[in-house]
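J.: Each chain is listed here by its residues.
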Amino acid sequence: DTGVSQDPRHKITKRGQNVTFRCDPISEHNRLYWYRQTLGQGPEFLTYFQNEAQLEKSRLLSDRFSAERPKGSFSTLEIQRTEQGDSAMYLCASSPPGSGVEETQYFGPGTRLLVL
Amino acid sequence: AQTVTQSQPEMSVQEAETVTLSCTYDTSESDYYLFWYKQPPSRQMILVIRQEAYKQQNATENRFSVNFQKAAKSFSLKISDSQLGDAAMYFCASRYGNKLVFGAGTILRVKS
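Residue numbers (this note's numbering), protein chains in the order written: chain A, 1298 to 1413; chain B, 824 to 935.
Honestly, the hints are just simulated from the structure, not real lab data.
Note that the Cβ used here is the ideal one computed from N, Cα and C, for glycine as well.
Check the hints yourself; a few may be wrong.
[As the list claims (entries may be wrong)] Pairwise CB distance ranges, derived in the manner of DEER restraints:
1. A:N1315 <-> B:E838: 42 to 50 Å
2. B:K893 <-> A:P1394: 22 to 30 Å
3. B:E840 <-> A:E1375: 41 to 49 Å
4. A:L1352 <-> B:S830: 43 to 51 Å
5. B:S865 <-> A:K1311: 20 to 28 Å
6. B:K934 <-> A:L1336: 22 to 30 Å
7. B:A839 <-> A:G1313: 46 to 54 Å
[Claimed, not checked] Covered stretches of chain B, going by a simulated chain A footprint (3 or more residues, C-beta under 8 Å):
8. 865-875
9. 915-923
[To be verified] Negatives, chain B to chain A, calculated, CB over 12 Å:
10. E838
11. V842
12. T847
13. Y860
14. Q862
15. N881
16. R886
17. Q892
18. K893
19. A895
20. K901
21. D904
22. L907
23. R932
24. K934
Could you put together the complete structure from these sequences and hints?
T.: Written out as structure tokens, the structure is:
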């Protein structure tokens, strides 16, 4: 069990550019989550996948954001036309199969995005 | 909507002493789970302890224990015999459907 991994760990981009982040969940975890964490705050939910299906999206996920999990393994989060307000830590988490409510989410190290 | 409130932005504790971090939550669910996560500086978030709401007994994990008061919707974390490695941001979270709802966090400083 190598844990949840995220790539890149840091990204600096200019306003208006597109960025893509990758998350590799713990193997055999079929549930995957994306959260956003701004400085000094707790993480906020963005979206949830069960296998390859995106089952829930937060209102925080504007039209400029898109997430995929094409084969039910790794996931990507893309932000188009980045804005300075997108600067944050983007966290990925995964959890194992189960009835859902009680399953612990295991977090990756995050990707820190800075938009200049 | 689910809300989680941590009213202590920052706490300090002397090494080897005990500290309690507070958390209150609001939920309309009858069965739910509560969690405490630890996020050390520049390191990833790890689970400290979790509590199932239907269980009367408070959860414990080594030096970490919770005081779960269901009627008051309170879920505090007690850290006994504090160690330097306990210094971190601590987040209280409630499971709401498929997502976790987090409080704003409490920074814990441990003094040697």
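J.: Each hint should be assessed against the structure and marked as holding or not.
T.: Now the hints, each set against the structure:
| no. | hint | result |
| --- | --- | --- |
| 1 | A:N1315 <-> B:E838: 42 to 50 Å | holds (47 Å) |
| 2 | B:K893 <-> A:P1394: 22 to 30 Å | holds (28 Å) |
| 3 | B:E840 <-> A:E1375: 41 to 49 Å | holds (47 Å) |
| 4 | A:L1352 <-> B:S830: 43 to 51 Å | violated (33 Å) |
| 5 | B:S865 <-> A:K1311: 20 to 28 Å | holds (24 Å) |
| 6 | B:K934 <-> A:L1336: 22 to 30 Å | holds (24 Å) |
| 7 | B:A839 <-> A:G1313: 46 to 54 Å | holds (53 Å) |
| 8 | 865-875 | holds (count 7) |
| 9 | 915-923 | holds (count 6) |
| 10 | E838 | holds (25 Å) |
| 11 | V842 | holds (19 Å) |
| 12 | T847 | holds (14 Å) |
| 13 | Y860 | violated (8 Å) |
| 14 | Q862 | violated (9 Å) |
| 15 | N881 | holds (17 Å) |
| 16 | R886 | holds (19 Å) |
| 17 | Q892 | holds (20 Å) |
| 18 | K893 | holds (16 Å) |
| 19 | A895 | holds (21 Å) |
| 20 | K901 | holds (20 Å) |
| 21 | D904 | holds (25 Å) |
| 22 | L907 | holds (22 Å) |
| 23 | R932 | holds (15 Å) |
| 24 | K934 | holds (22 Å) |
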